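K.L.:
Given next are the chains, with one letter for each unit.
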Amino acid sequence: MRRFLMKGNDAIGEGAILAGCRHFFGYPITPQSEVTHYLAKRLPEIGGLFMQAESELASINLVFGAACAGARVMTASSGPGISLMQEELSFLAGSELPCVLVNIMRGGPGLGNIGPSQADYFQATKGGGHGDYHIIVLAPNSVQEILDIMKKAFDLSDMYRMPAMVLADGIMGQMMEPVVIDEEKSVEIPPRPWATTGRDYHEDRNEINSLFVILEEMEEVNLRLLHKYEEICAKETLCEEYMLDDAEVALVAFGTVSRICRAVVDKAREQGIRAGLVRPITLWPFPYDVISRTAKSVQCFLAVEMNMGQMFEDIEIGAKGRAPVYHYGRLGGMVPLAKDILEELKKVSERGGTGQ
Amino acid sequence: MKKITARPYSLRDVPFHYCPGCMHGIAHRLVAEVIDELGVSGRTIGISSVGCSVFAKHYFNVDMIQAAHGRAPSIATGVKRVLPDRVLFTYQGDGDLAAIGIGDFIHTAYRGEKITTIFVNNTVYGMTGGQMAPTTLIGQVTKTTPFGRSVEINGNPIRACELIAPVEGVVYVERVSLHNPKEIIKAKKAIRKAFEMQLNGVGFSLVEALSACPTNLGLSPLEAIKWMEEKMIPFYPLGVYKSPAGVV
Ligand SMILES: Cc1ncc(C[n+]2csc(CCOP(=O)(O)OP(=O)(O)O)c2C)c(N)n1
Ligand code: SF4
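Protein chains in written order, with numbering that gives the first Met the number 0: chain F, 0 to 355; chain Y, 0 to 247.
FYI, nobody ran anything at the bench for these hints, they're computed from the structure.
A couple of the hints might just be wrong.
[To be verified] Here chain F is said to cover these stretches of chain Y; the calculated rule only asks that three of the stretch's residues, wherever they fall, bring their Cβ under 8 Å from a Cβ of chain F:
id, stretch
1, 31-44
2, 64-70
3, 158-164
4, 214-225
[Stated by the list, open to error] Take a look, some chain Y residues computed to stay more than 12 Å from chain F by CB distance:
id, residue
5, Lys1
6, Lys2
7, Val86
8, Ala98
9, Gly138
10, Phe146
11, Asn153
12, Asn155
13, Glu167
14, Lys185
15, Lys230
Computed from a prediction, not measured in an experiment: that's the story for all the values here.
From the three backbone atoms N, C-alpha and C, an ideal C-beta is built for every residue, glycine too.
Extracted from the complex, chain F is given alone in its bound form (with noise of 0.2 Å):
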């Protein structure tokens, strides 16, 4: 075991290695570079390859052949170079291909700036690119979780043959927490009998292909995916509840601005609220059975993002019209404030469940 102070961009580049990945494409974007330089230094130190690639569209197909290759592989950018990736985003989720992308999200849309966001909420959660398809989106709110939720998603990714991604702000990225390592857990990655390694290596030829221009095919291929989809929704989602079970305002927030609301909680409580918080840990699956025990006992539900409500309507859709939804939310790169959530929390806590 080993103790570190470690920014939140080395935390991905080292998870990612204890995870076992070997190979990572990229291309710099702020507040995303330091996971390049990060990795650049480290893989060829331990046998692996760091490229940098002429664009994000050159990243993730690198990310696609080393895939199809059979190795654990990454990438890392943060929202115009994500958005340059969804192209092959749907080609690997139809081809059925793990890897992880990590989308370190800034102001938006357009160039937008580089403050801290969480405005790449539906394009993570809700596709992004063509077709019926879903990625696994992990939300970690701290170093430390950074580092042991890579691991995590290069499992997923593995487990179910598609892409997962680590959705963070800049300000996960940039700050820096104290981190425990623990080297004992190596680390098993699964075969991979369908990679295209060369016909010798293994004994039928491999094919991999996300073309069915039978129709009856391509909906079979599809039915396949929904049935993995409702499997991972069934087993994998995660989230934390924090000071639910008496709470009458639930505020539901993840990353950044989850830690910001916990203290909000306890800040409340104090003031006589009584206040509790849902974190969802995956947003994709999301955990909408918690919403939907919650929305039983609490009067109403306060989304809180750095966006204009995007989570929000997935705590819509989970609560299913039995506690009313407000929404809170700083844009362009603001962070919400304890006490301006605080001062919201109050608003709706009188509101309560009368929906106004």
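Dock chain Y with the ligands against chain F, hints included.
P.N.:
Using the frame of chain F, we list chain Y with the ligands on its own:
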């Protein structure tokens, strides 16, 4: 009776979907024969592109990957960087390589990636119904150049061999044609050389194969061959553009 020819091992025994007079089938066979002759079918991985040759993934009897439109060189690079001892080839049309995929193509060439690209130039987008490609000749009528391609509106056709031959890291570039048996024999030699360059680990190799798309030219297969001789080959001269001896 002596058997003098047979289906190459590296080509699966499945019917092709290509139109009569299309030369994709010939190009497939040549690539498969070369893979057989070099004895590398067990460690070859092919990347098929988007276009009429999209089903190449199904026809070659080696591991195959179906790429997104234009991205085959990047994907091939990804595979090769993980498995450096394997033999990688991309099979791409002119729309695929010279339009949407030209960035992937140029950067892969500049990196000197040890892969082989088979580039089938038929001067049109075949699969989508005969629109202009970057390789469409000046004056050539296509669905999107109904009055003939003009320099003013569409710019000049891209000559891939001439573009890539001077690049460091590129070791072998040859333009061949598939329009008669003599040229087909030359084409096979070129493909073999390109694969050998990769096996020797020297760098990127490209074979551009001129081909006809009778369907979208609106010509019979024989007329299309004549068209190639009269119009296409003068604009796209055949020959070696680069070999280890240097740029020719
Ligand atoms: C991103 C994207 N854009 C457009 C298409 C449509 N499309 C399919 S094939 C093709 C042209 C292929 O032409 P070429 O590479 O010359 O191959 P050919 O069909 O002539 O063999 C296009 C534009 C696509 N599949 N994907
Ligand atoms: S449309 Fe043209 S390129 Fe496509 S198969 Fe037919 S002849 Fe060949």
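K.L.:
Each hint should be assessed against the structure and marked as holding or not.
P.N.:
Hint by hint, here is what the structure shows:
Against chain F, the stretch 31-44 of chain Y contributes 5 residues with a C-beta closer than 8 Å to a partner C-beta. That satisfies the three-residue criterion, and the hint holds. Coverage of the stretch 64-70 of chain Y by chain F holds [criterion: at least 3 residues with CB-CB distance below 8 Å; count 5]. Counting residues of the stretch 158-164 of chain Y whose beta carbon lies closer than 8 Å to any beta carbon of chain F gives 0, which falls below the threshold of three, so the coverage claim is violated. Figure legend: the stretch 214-225 of chain Y, annotated as covered by chain F; annotation inconsistent (0 residues with Cβ-Cβ distances under 8 Å, at least 3 required).
Every CB of chain F lies more than 12 Å from the CB of lysine 1 of chain Y, the least distance being 30 Å, so the non-interface label holds. Lysine 2 of chain Y, annotated as away from the interface, keeps every beta carbon of chain F farther than 12 Å; the closest lies near 24 Å. The Cβ of valine 86 of chain Y does not lie farther than 12 Å from every Cβ of chain F; its closest approach is about 8 Å, which violates its non-interface assignment. With a cut of 12 Å on Cβ distances, alanine 98 of chain Y stays outside the contact zone with chain F, its closest approach being about 14 Å.
With a least CB separation of 33 Å from chain F, glycine 138 of chain Y remains clear of the 12 Å interface cut-off, as annotated. Chain F leaves phenylalanine 146 of chain Y outside its interface by the beta-carbon criterion, the shortest separation being 33 Å against a cut-off of 12 Å. Its beta-carbon lying about 24 Å from the closest one in chain F, asparagine 153 of chain Y satisfies the requirement of being farther than 12 Å from that chain. The claim that asparagine 155 of chain Y is not at the interface with chain F holds, since no C-beta of that chain comes within 12 Å of its own (minimum 24 Å).
For glutamate 167 of chain Y, the shortest C-beta to C-beta distance to chain F comes to about 16 Å, beyond the 12 Å cut-off, and the non-interface label holds. Even its closest Cβ contact with chain F, about 29 Å, leaves lysine 185 of chain Y beyond 12 Å, as expected for a residue assigned away from the interface. Annotated as non-interface, lysine 230 of chain Y keeps its C-beta farther than 12 Å from every C-beta of chain F; the closest such distance is 33 Å.
When each numbered hint is compared with the structure, violations occur for hints 3, 4 and 7.
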